[in-house]
Every structure is written in structure tokens, then in C-alpha cells.
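We have chain A; now place chain B onto it with these hints.
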Amino acid sequence: MASETSAVDPTGGITLDDYTVGEFFDELIDEHGRSRPDAIQLVRMLNELKVSELQRRQQAIERSLYNMGITFTVYSDDAGTEKIMPFDIIPRVISSVLWHHIEAGIKQRISALNRFLSDIYSDQAIVKEGLLPPELIQDVEAYLPQCVGLRPFHDVWCHVSGTDLVRDASGAIYVLEDNLRCPSGVSYVLQNRLVMKRNFPKLFGASKVRPVNDYPSRLYEMLQKMAPPHVETPVVVVLTPGTFNSAYYEHSFLAQQMGVELVEGRDLLVIDNQVFMRTIEGLKKVDVIYRRIDDDFLDPEVFRKDSVLGVAGLMRAYSAGNVAIANAPGTGIADDKVIYAYVPEMIRFYLGEEPILANVPTHICARQDDLRYVLSNLDQLVVKAANGSGGYGILIGPHATDEERREFSAKIIANPRNFIAQPTLSLSRVPTMAGDSIEGRHVDLRPYALCGPEDVWVMPGGLTRVALRPGSLVVNSSQGGGSKDTWVAAVPGQTFGLE
Amino acid sequence: MLSRVAESIYWMGRQVERAENLARFLEVTHNLTLDQPEETGEAWGALIAVTADSDIFQSSYGQSGPEDVTRFLAFDDAYPSSMISSLRSARMNARGVRESLSSEVFEQLNDFYHFVLSASNSPTVESPNDFFDKVRRIAIQWAGVLDNTMPRDLSWHFANLGRLIERADKTSRILDVKYFNLLPSVKDVGTSIDDLQWSALLLAISGFEAYRREHHLIEINKVVEFFLFNRCFTSSILFCVKGVLDSLKEIETLSGF
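Those sequence lines, one after another, are chains A and B. Going by the numbering used here, the residue at position 186 of the first sequence is 186; the numbering climbs one at a time, nothing skipped. Going by the numbering used here, the residue at position 183 of the second sequence is 183; the numbering climbs one at a time, nothing skipped.
Only chain A is shown next, with the shape it has when bound in the complex (with noise of 0.2 angstroms):
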């Protein structure tokens, strides 16, 4: 990574005023204070425009996504009260090169995943092989018996995912979760790009950035290839669970964008294992459901029997095979984080390949000598529970009081399985709107991938989560995170223009 020539930069590469990387791997600027090749025209412009130019038009946008709806309900606030996710007005930028390890990576790790899906609901060949410990998959929550011996069409499982990505101090790419279940925030890598275009239309004008446009279409082009067999126009649904979940506006931009019924699950029912909607005519079927509920409330009649969400006779309709469902039920088991730790595994089992992208060395706490690491090491890791999402139930040890890590040692000691610990990773960061200044704030980086199919399709980009909070490494929008625009370069050492 280093640069040989400090004194002559043959990129060109200038310094941002008043910014500095600290001894963090930064995204934009490099380690002698120099843009990095592809953020050369970007950071010209953050020097050009002042720094309360930058804060008039963040304001402008994020009132503008405040206009549009594009908000998350708060669900503790009896007036409905709702919030836009903050919005960062620099953008992540990554090179073309970078991006296509990164492609690479997922399209690998998916497929493999997908394989795994398979295999886990019908010959369990990686546990025949030694490679996987029976009693780990037993004890996953998210396992579904119901689903052994299921095939959904094309043998595929995840359609789609959001796989969460970070860089350490050195800059290396790490997958640290893999959101095999229903991912969110397309929508707001969608919506980014559009209010990051109108405002810095001479920017993107002149500029080389892949578009991110086209993911409505592709979803509904892989959905539509996923209906039964025989069926010659399918109908396709977006199922969300109503109006009050938190990612309802997703769910609402994405029916609309590919033209086709936001349903809830009441708009729903079984007859005869055949999935029908209730429309202004009568009952009309339905071929292709994209789900963004839980694998818990699909179905009372297989499933959590209080759910008032779901559709009562649905898993009979897809047992037969007359809907297709995306994701299939059952995937939400690779989201656990013990089976994380053995993705590589799965890459070199199924696929015969060495891991693109590495995982985050995981400690897991049902082994016995990682247990022992685990509780002598508190202070040095991060400890999450195996089920857990949304930065919920996540302890980092850094930066947590003594009386905290008691409290957490005594948790996984009750019950080791449901843990596991990684080191601390310094993230990378990102130069960031802070008050009155641009400071470095840390980042991930969630890209978003389609499994038809054929092949995996991941869209150039994805969502850049920030951890707003000066030195938090907590990225999630329920704990103080915003989001960036991401832009990926089109052609290699290619700089955006700004004339």
C-alpha cells in the first residue's frame, strides 16, 4: 500500500486541508496525507467548497430525504415519530481494482453458501466429511427441521443478500456477517446516489462512478426466473410486514419499483396449497413471493403460532411447489455467527477454491480452549452473540467498563454457545462531516448480491455504514450510524472529473 515516491507523487495526488489519517487506514486519503488516485477530484472539490457549503447542502439533502419519506419508525415513540437514517455527504470511494477482489469474493462466498443451504437441509455432506460438528447445526435457532428435504427452484437459497464487510489498519478486506435473511438498505444506496446526483450534478456529470440504478430491475428479473416451472407470466409480490416496521419504506420503494403488490400477509391465503392475494376482482394467484419477514412468523400453521403476520398454509404451497419464496425458508441458519466461522471451510469443500475474502479470525465459545481465551482475553475482543443482529447484545471489550465485562463473562459462561469473539479490528475510515470540520470517522461496507439462477450478480457498491460518534466503531442505524454514498471507479486509475 505504501507509496515509494513521497517526495513526487506521480499520481497527483494533493493533500485535504486541515485532515488527518491518524493511525487509521483511510479510505480517501493516504498514509502521507495524499488523496489516494481515484478520490483525487473529490477531495479538490472538499477543498474548494467550504466546509459550510458542504453543511448547507447535507442539510439540503437530508431535508429533501425527510420530504421523500425515506425514514425508519422509532418504535419506542407513541407519536410514530420518524427519522431519516443521517446522511454523510462524502462519499466512500473505491477503486476498480479493489472492487473487483471484492466482486470476486462475494460471488464466491455466496455460491458456496448457497451449497451449504442445500447440502444442510438434505445430505449434510460437510458433516458426513468431519468438516462441520453435528451438534452445531442442532443447536442453531435458526435451523428448520420443516425444511429437510426441500428443494427450492433452481437450488437456490440466499436471492438475496447483504454481506458486511470491513478493513483493518493495513487496509485488508474482512467479511464479518453475511445477512443471509433479509437484508435492508438497498433502498438507501438507491436513494443516496439520487440526491448525491442532484446536488453535485457537475461532479457526477464529468465523472466515471457505476451506476447502482438497475437493482430494481435485476431483483425482478431473478424473481420473475425464480416462479414454478410451467408458469408463463408470474406474478411476483414484495410480502412486508406492515406499515410499522422499520424498514417498511424499503419494502414500499422496492414494489414500487418494479411495478408489482406490497402485500402484508392478511392480503393473503392458501387454498388448495395455491397462493392467492385478495384483489378488487377476486383472488389472484401468486408465483413468487420476496418475503422480508422472518422465517418465524412465515406461517403459523409450521412455524411461531401466534404470528399474525404470515400466511397461514404457506409452507404447504411451497412444499408442493406451486410458490417460489425468496429468501427460501431456512437460510436465516448461515447468519448464525458459529456457522460463519466455517465459511472458509465451505468455500474449499464445495468449491475446490482458497477463500477470496477472509473471515475475521472467530473465536467460538462452545470449544473449550477458545472459551479459556475468550474470558482472559475480554479487554482485547469483541464478543456478539451467535444469533444476534443490529449491533444488539455485542460487547467490545476495548471499550467497555470492568463491570461490563463481568457482566458479559458471566453470560457466556451460562451459555457458551451462543458466543463467539473476534479481535478488535481497528476500521478503516472515512473523512466526515463533524460540526464545523471534516474528521475521520470509521466505516463498513455492505454490497449487495443477487443469486440467480445462472450466477451471482453484486451490485457496484453498496452501503457505506458510519459510525457518526467520534471513535465508535458501532456502524448500525439504531446505534448512531449514518450512511455515505459509495462509489465505485468504472475504469482502473480513471479520476473523476470536476470541470
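Because the hints were derived from the structure by calculation, they are not lab data. Note that the Cβ used here is the ideal one computed from N, Cα and C, for glycine as well. A few of these clues could be false.
[Stated by the list, open to error] Quick list of in silico lysine to aspartate or glutamate cross-link-like pairs, EDC-like style, CA-CA up to 16 angstroms:
1) A:285 x A:232
2) B:249 x A:454
3) A:83 x B:111
4) A:50 x A:18
5) A:107 x A:403
6) A:107 x A:353
[Claimed, not checked] Some residues of chain B that are not near chain A, with every Cβ distance over 10 angstroms (derived):
7) 32
8) 62
9) 145
10) 213
11) 214
12) 216
13) 220
14) 238
15) 242
Just chain B now, kept in the frame of chain A:
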């Protein structure tokens, strides 16, 4: 079209129309009471009577003064038919069916709701007339957005059903209240106060200018006929019902019943 979606769109249409009507009623009553020396309390009480929710009003406010009536009809969260409640429900309905509306329809409604919400949070409305005038303008804009950004598909027709039924309902109520509540004694009919009040009611349904063009002078039977049977006036009950019939026929054709 999903039955749930049709229902939500229909109610969205009604609720926005209801908010607009309330704004017009309140604006006109504020205006009316400025140069009407006596018995202005009657005008405010009549406004409550139009809603047929006098019980609810009396239980939480008692006397019908301008401030209380304005707060009740415009900003009362607890009253489900107030302007703010109607807009909140309309927005929730629109939010639940966003994918069936044009983006502009939702955004305009979202704006509308936030505008009234921020006004309701301030202790007093500085200038009621300016405020209600602004509300009316936003409502008219919303109707324009609805008509000009939506194809004439099922969604539009259900929204149209909602707003026309609500409008016909309000026209009938305002006439009813005027005729039987406002002037219970026959001797007042035809006085100058009566003239002023009938004019105000024509204003309240945006019909004053149209009426004047057709009939010039205020005469009760002509006003009543205008309210009920005028073929051209967009708030007359006949006009609304014709529009409802047209939309119902279109819905039948489009959905292939």
C-alpha cells in the same frame, strides 16, 4: 388491485378532502365573524354541528368560542376527524400503499402533514386566515398532483371516489346545518344577516363566485338548488355523484368485472 390497497386509497382521498373542507370552513368562519357584530357564537357552534360531533366537543371544551373550535377542528389529536388527525390517517394510508401511488402524491401529502403538524405544535396560530389559506392551497396542489401525476387507473379512481363522496357529504351537511340549525326561526330568513351567512356558506364550498355569475343575488331556493343540483359547480351534490358514478363505471371496466 389488492382490496386493502383500494380501501386505503379511498380513505386517503376522503381524509385529505376532509382536511381541506375543514380549512375552508374555519377560514370562512373567521372571516365571517370579523364584520358580523352579533351572535358570532352561533357561527362557531354551527361549525361544530356540521361535524355531527357536538358531544365530543362539549365534553372536552364546553363553550364554542373561536379558539376552542379552531383547536378542536384543526389540531385536536384526540378527535379523529380533526384536520391533523385526518391528515395523519391519510398519510398513514398513503404510506401503506405508496407503491400504488405516484411518488409525488405521497411526497406532497407528507409535506402537507408536516406543515399542519408543525403549526399544531405552536401554541397559537398567528394569523388564522393566512394559515388556513395556505392549507387550502396545499390541498389544491395535492389534488393537482393527484390528477396530473397519476394515470387514470384503479388507484386514481378509488382516490377520486373518496374525495367526491366526502365532498358531497360535506355539502349536504353544511346545507342541513344552515337550514335547520343556524336559523331556526323563519322570521330571520331573508334578513341581511341571513344574506351574509348564505354568502359565507357559498364561500365555504368555494361556490360564491360561481353562484354570483349564475344568479347574481342571494335567494335561498336558488342557493339550495345550486348546492344540490348545479351541473357545473364542482361541490354540488349532483356533480359529485355524477363523478362517483363515472369512477365506478371505470373501475368496473378496468378490473373486468
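Please verify that the nearest CB of chain A lies beyond 10 angstroms from residue 220 of chain B's CB. holds, 42 angstroms
Below or equal to 16 angstroms on CA atoms is what counts here, so check residue 107 of chain A against residue 353 of chain A. Given pair residue 107 of chain A, residue 353 of chain A holds - Cα atoms ~12 angstroms apart, limit 16 angstroms.
Is residue 50 of chain A within 16 angstroms of residue 18 of chain A, Cα to Cα? With Cα atoms ~12 angstroms apart, residue 50 of chain A and residue 18 of chain A stay inside 16 angstroms; holds.
Determine whether the non-interface label on residue 32 of chain B survives the test: each CB of chain A must be over 10 angstroms from its CB. holds, 34 angstroms
Does the claim that residue 214 of chain B lies outside the interface with chain A hold up, using a Cβ gap greater than 10 angstroms? holds, 39 angstroms
Mind verifying the non-interface call on residue 213 of chain B? Its CB should be farther than 10 angstroms from each CB in chain A. holds, 39 angstroms
Keeping to a limit of 16 angstroms between CA atoms, is the pair of residue 107 of chain A and residue 403 of chain A held or broken? Given that 16 angstroms is the threshold and the Cα spacing comes to 42 angstroms, the pair is violated.
Does the structure keep residue 249 of chain B and residue 454 of chain A at a Cα separation of 16 angstroms or less? Judged against 16 angstroms, a Cα distance of about 47 angstroms means the pair is violated.
Over 10 angstroms to the closest beta carbon of chain A is the bar; see if residue 62 of chain B clears it. holds, 27 angstroms
Non-interface claim for residue 238 of chain B, where every Cβ of chain A lies beyond 10 angstroms: holds, 27 angstroms
Mind checking the alpha carbons of residue 83 of chain A and residue 111 of chain B for me, to see if they're no more than 16 angstroms apart? holds, 15 angstroms
For residue 216 of chain B, is the shortest CB-to-CB distance to chain A above 10 angstroms, so the non-interface label stands? Answer for residue 216 of chain B: holds, closest chain A Cβ roughly 45 angstroms.
Hints 2, 5 from the earlier list are contradicted by this structure; the remaining hints agree with it.
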